[in-house]
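*Asks:* Sequence:
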Amino acid sequence: MSSLAPEARRMQAVPPQAADIAPDLLAMLHRSAGADEFASRLLKVEALPDAWPGKPGAVEQVRMAMALRNRQELHEQRERGMLAVIESAQDLSSRRDLQGLLEAIAQRARKLMGAHLCWLTLVDAQSGEFHVVVADGAISQRTGRMTAGRKLGVAGVVMATRLPFATPDYLHDTRFVHDPALDDTFRDEGVAALVGAPLICEDRVVGLLFVADRYHRTHTALNVSILCTLATHAALAIENARAFAEARSALADADAARAALERHAREVQGAAEAHEQLTSLLARGASLGELCASIAQLLHGSVLVLDEAGDAIASASAPGYAGSLAQAYSPSGPHSADIARALRESRQAGRSALAFEEAGERCRAIAVIGGNELLGAVLLLRHEDLSGISLRTFERSSSVIGVVLLSHERMEAEKHRDLSALLRTLVSPRQGEPRLARERAERFGLDLSLPMSLLVAQTTQPGAAFWARRLRSDPAWQQQVLDEVDGVLVLVCAAPRAHELVEKFSAFARRESGQAWQGVLSRPVAAAAEFPPLYAALRRGLSVLERLGMRSGIVGQNEMALYSVLFETHDQASLAAFLDATIGAVTAHDRRKGSELASTLLAYFDCNQNAKLTAARMGIHVNTVRQRLNSVEELLGHWGNASRALEIHMALRLWSLGAGNVSSVE
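Under UniProt numbering, the first residue of the sequence shown is numbered 1, with each subsequent residue one higher.
Since the hints were made in silico from the structure, they are not lab data. Here a beta-carbon is modelled for each residue, glycine too, at the ideal position from N, C-alpha and C. Hints may be right or wrong, so weigh each one.
In silico lysine to aspartate or glutamate, DMTMM-like type, Cα no more than 25 Å apart, as pairs [unchecked claim]:
| # | residue 1 | residue 2 |
| --- | --- | --- |
| 1 | 111 | 169 |
| 2 | 612 | 580 |
| 3 | 151 | 179 |
Label pairs and their calculated CB-CB ranges [what the hints assert, rightly or not]:
| # | residue 1 | residue 2 | range |
| --- | --- | --- | --- |
| 4 | 344 | 580 | 24 to 30 Å |
| 5 | 633 | 580 | 15 to 21 Å |
| 6 | 124 | 190 | 23 to 29 Å |
| 7 | 124 | 188 | 19 to 25 Å |
| 8 | 344 | 128 | 52 to 58 Å |
Work the whole structure out from these sequences, hints included.
*Replies:* Spelled out as structure tokens, the structure:
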């Protein structure tokens, strides 16, 4: 060791890291050593003795290596920024999901800036405030729901300058007006440093992009520039999404318009085909049932044709149509008032009207008019209401139905013109040629050489003409000789069938008119020459029944004969006075006590004043009959003489007719 030269001993004393500094620094640069490792190396070189001649050069080499490392890191950061920008642009061109794209931009901005959190806000067009739409890295839930005003916080500065703004200590920065709500949110989140960049689209700030850290930090110009580039990408993405939405909306509108045109064309074609089909059916004389079936199939529902009284005269349903209201229809059903209202509206407007809706079915009604007369109505029941051309098809179909109803009415009139002439000839005082009357009667199955009966009936509503039409439309009455003559219904039939037809007619009258009708049936007559005076007598009987206040029923001519002769010139007041003077005490007692003295006395007279027969007819004991007769004598006085008994019997008969207690045909 002592034989070594002094220079060799000095070199041997130099630390190895100083002697091999250049290769070592190159190796560190090659493996991208961190800044801390370079700083540690610089400290070691600076710690060498000042007497070492290579120390200044070694220090300079380390510092140069550190500068190269910083420059290399800056280049790498720029490369990462460029890659992030390129990736963002690629997403911008490939994505159609705006929310997903904005989330990707926020994630890249946070990662590229090395920030703790990032959020993106968009401006609300109505309120003018900025609402967070994307937040990445947030801890507090309030961060994702932040709202910033246009003049508060960093948002206010960026909106005013349209330039990025950065602050190393947001909560203590006095360069802008603070928003207390945002400050509370930032305290919860621990935000210290903050930088924001505007999203500018067509010279409008549409949003803001922020990155923040939970420590004091100053961002480089490169970081801010990259953030601004990402903000521009976000603005372009928003604009592209808006344009794409507008294009999609325009395309949807165009598709809707095209579909509407196609639908309209189909409806027009369908309407033309429907009109042609209905016209063809009308031309070949189709029945109401065939027309109903065709209309129901065209409109996919159920169709009812009503006459002027509201009765269904034809109906049909489309194949496969599921609905029950058409089958349950009744003129006096629960929806009769709704249908009547709809038909009134239809007559006023000349269009159909919605009547009612029940159980998923809608009923639309239209009145069928012939001239100024109501011929009937058409009801359509569907699960959905009509619109557009389908509605016009339904309304046109009512015109076709009207033509058929008018045709039927004319055919009906022609068919019964001879019948009406026959009846008027039979009841007219000037009957004309008997042979002609016999021939006309034979065409209607009536043999005038056999005993005949004549029925005359009247009603106030809906009238004898309506009754005649309704009866003739009923298959059970189509072979009968009946019609309206001088405001009353006249029916001629073979005498043996009279009582059967009276029962059928009474059932019909009760159904149609309730309690507002009266009728008189003649005794059998052997010759047609007896009809004129017989008709006059029956008309007088109707007048007496009306003055008596009889509400419903048919009375035999024999029963009415005496009353017609005695009281046909009396008005209702004089008849009431006669009844009150004769049996008023008895009827008043019955009303007051709820007894049956009047009916018992009438039965006693009808049984030839035989108490036992009276008791058997009334189903009571004979002693009860005698007790009631004693009570009557106390009220009326002695009535044993023939004239007094006849007067009381006649009064009781009139009372029974007027009270509706008796409806007899003898």
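*Asks:* Are the hints correct? Go through all of them and say.
*Replies:* Here's how the hints hold up against the structure:
1. 111 with 169: Between residue 111 and residue 169 the Cα gap is close to 21 Å, so the pair holds against 25 Å.
2. 612 with 580: Answer violated: residue 612 to residue 580 is near 29 Å, above 25 Å.
3. 151 with 179: 9 Å, holds
4. 344 with 580: 24 to 30 Å: 45 Å, violated
5. 633 with 580: 15 to 21 Å: 19 Å, holds
6. 124 with 190: 23 to 29 Å: Given a distance of about 27 Å, which is inside 23 to 29 Å, the answer is holds.
7. 124 with 188: 19 to 25 Å: 23 Å, holds
8. 344 with 128: 52 to 58 Å: For residue 128 against residue 344, whose Cβ atoms are near 56 Å apart, the range 52 to 58 Å holds.
Violated hints for the displayed structure, listed by number in ascending order: 2, 4.
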